[in-house]
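Colleague: Below, each chain spelled out in residue letters.
Protein chains: 4
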Amino acid sequence: MTQPQANQPRALALACSLKPSSESSSSDLLARQILDALAEHGVRGSSVRVADHVIPPGVGHEMSDDDAWPAIREEVLASDVLLLCTPIWLGHPSSLAQRVLERLNADLSETGEDGRPIMFDKVAVVGIVGNEDGAHKVTADLFQGLADLGFTVPAHGSAYWVGEARGGTDYQDLDEMPAGLEGNISNLARNAAHLAGLLSRTPYPAPPSD
Amino acid sequence: MTQPQANQPRALALACSLKPSSESSSSDLLARQILDALAEHGVRGSSVRVADHVIPPGVGHEMSDDDAWPAIREEVLASDVLLLCTPIWLGHPSSLAQRVLERLNADLSETGEDGRPIMFDKVAVVGIVGNEDGAHKVTADLFQGLADLGFTVPAHGSAYWVGEARGGTDYQDLDEMPAGLEGNISNLARNAAHLAGLLSRTPYPAPPSD
Amino acid sequence: MTQPQANQPRALALACSLKPSSESSSSDLLARQILDALAEHGVRGSSVRVADHVIPPGVGHEMSDDDAWPAIREEVLASDVLLLCTPIWLGHPSSLAQRVLERLNADLSETGEDGRPIMFDKVAVVGIVGNEDGAHKVTADLFQGLADLGFTVPAHGSAYWVGEARGGTDYQDLDEMPAGLEGNISNLARNAAHLAGLLSRTPYPAPPSD
Amino acid sequence: MTQPQANQPRALALACSLKPSSESSSSDLLARQILDALAEHGVRGSSVRVADHVIPPGVGHEMSDDDAWPAIREEVLASDVLLLCTPIWLGHPSSLAQRVLERLNADLSETGEDGRPIMFDKVAVVGIVGNEDGAHKVTADLFQGLADLGFTVPAHGSAYWVGEARGGTDYQDLDEMPAGLEGNISNLARNAAHLAGLLSRTPYPAPPSD
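Protein chains in written order, with this note's numbering: chain A, 157 to 366; chain B, 157 to 366; chain C, 157 to 366; chain D, 157 to 366.
Note that these hints are calculated values from the structure, not bench results.
What you are looking at is a predicted structure, and each value in this text was computed from that prediction instead of being measured.
Some hints here could point you the wrong way.
[What the hints assert, rightly or not] Selected chain C positions facing chain A (Cβ under 10 Å, derived; list incomplete):
1. ALA234
2. ILE244
3. LEU246
4. GLY286
5. GLU288
6. GLY290
7. LYS293
8. VAL294
9. THR295
10. TYR316
11. TRP317
12. VAL318
13. GLY323
14. GLY336
From the three backbone atoms N, C-alpha and C, an ideal C-beta is built for every residue, glycine too.
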């Protein structure tokens, strides 16, 4: 594993389980596994369990005195790779994953001094787990939302596990990581690290000034 | 308007605006307009602004001492028509609409004494507003989720307004209801009231006992 | 099984496999199994393998001299239950399932002498198979499209099988029908037959004339 | 406009209108407008009207003697940017856009001599038009499908126009391009050209050999 360095790229995982960290979570487990794979490519990572924090609904930067979003937003802004991990509920991203998108949306039109959206040059990847079914649709919702917000999506940027139809197994209760998922995570991490490196060294150009 | 009667069918609107009722909301306005149209067909309605209530994430019937969901759930169970109204955020149902689906999901396998799912014989309709784009996809997500949960979806069961691409107008700021939407709401209400009446008088049969 | 009768309700299955009937198809197999279950409730069924027919793209009633759609459309109009069965490709309904929706769309604004959309009073159900993942999303797309077109969606109106993530098994190669799917199909058929009966005896009312 | 050069990046637009090129098409118009914007960044483009060609359903590389897909596939493989343009039908990508994804899917597991998927290092962008509603959902379906296939999605990689709910205007009948769309296309082209340049000069690394 590459040694940490001052200018090392950073990944932030937002684990959008409905459960706080007092309970074990499959999407949190997957988040940590993907962060481990990113670390093998020199990307330093940290993780936030979204359900541990007060993140009120709303479209502003700060919705209440105890709003945890402003601090999480700072971590997003400081990262080169955003990893959004979510369980699947009724075939959809969790309400907390959607909450994260809604709060990020407050920055939709924010630009830096250079006239570029502040989320530019960041790579977004997703991790998705469910007892059964829904990974491709959740990927679709998240990729579209994140690309709208200014993130870039690498090839094979979604890592997922779901069981057979009407299955009842939780990802975290599998005896071992399925071989297919291991390759999936490995590819995601290699591609995300590569793309984040490219965009970090050579950012998107600014729009021409009027 | 038909006079209220003891056995009159009931509609419950859940308005999933990100804003509490201290602020005016387009999805809440649409909810009330649809309830008015249902009333013309003898369906008595009431409305809940979801953001006014503490509804924690989770998959149980009651997630905390101050959880407002158990009371809302009772209102859902007492209704014949569920109207889910939501704004569109990033092209998706609001996080509060998804929260409602997640909490309803706790009743996915609940059956009554007759062996039938407890949500059977209820009709689900949706109302959707956005500055631009997303109504059909939000309809898709909600219809699929609600049909999975045991609701029945009437013909033309979605009423919506969205503006032109990249438009900035809120539904509640329109000078008047667009004629197309008026017909849309009228059809939705007529069909929902009809179907709820049919299912109320002649419920789905129970599965054969083993 | 109930004996066929003159006024017996009818189901039409459109199996949207990418393969013609010279090749065996999982979605076609599921279509026949669902039709069998409907027959137990007195619904007489027939099935069309869509890939056997020339159905050109377009939005008119008849797109070419050899267009097979007008004949299929007649069968749709003569049916009480429409069963749309599709495989999942890239997490989406097959291109032939979408083609069917597009061709049905030509009747979106068609009304009968009574002023009612000609697709009213028909029940739509879906059957979905894939090696892995996608059933809920395909259900969502189809329910929304079919409800827009005037069909009514019964409780639990989607029957599906998908394998574990990255699985390679075809539904038709399973040794036997999974117990969960058997119950799923049974519920779908009971509910669809019930709802089609209700709407056949007591159709949606016409809109008030101006 | 930059002069064409031997090693100039290339864009291929696949316009998935339901109509052949004997009829004018809004999605084809948008495709040409996006290609023009890409040309300003030195990306040379060409366009294929998918409905002009025989592209049978199926999952193989060549489905019939008159199958036009093998030739189109060669053009995809020779391009650095794939632009998928589609109208919205029933809120979904057109059946021809889904057909393109299905045919591309035959290459899902194809790798080059270097062990890398053959679609790697290519950038995918989308253009979407509809009378009303559906652009974000169609974007979601296409981004997810294309990223699964190995394409990379740039920030703001979707350009779209839709009218107000229940609107009847075709994009090609607008008097002029809306200012918002002009900026949208300009951003898409600048970002796609930049990202394609980065990936062309510094391709995704190959997976480690076993």
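Colleague: Work down the list of hints and note, for each, if the structure agrees.
Modeller: Quick rundown of the hints versus the structure:
1. ALA234: Where the cut-off is 10 Å and the nearest Cβ of chain A is about 32 Å from ALA234 (chain C), the hint is violated.
2. ILE244: holds, 8 Å
3. LEU246: The hint holds - LEU246 (chain C) has a Cβ within 10 Å of chain A, the shortest such distance being about 7 Å.
4. GLY286: holds, 9 Å
5. GLU288: holds, 7 Å
6. GLY290: Hint on GLY290 (chain C): holds, closest Cβ of chain A at ~5 Å, below 10 Å.
7. LYS293: Holds - the Cβ of LYS293 (chain C) comes within 10 Å of chain A, reaching about 3 Å at its closest.
8. VAL294: holds, 9 Å
9. THR295: holds, 8 Å
10. TYR316: Holds, about 6 Å.
11. TRP317: Nearest chain A Cβ about 5 Å off; hint holds.
12. VAL318: With a closest approach of 5 Å, the VAL318 (chain C) hint holds.
13. GLY323: Status holds, d = 7 Å.
14. GLY336: holds, 4 Å
Of the numbered hints stated above, the single one contradicted by the structure is hint 1.
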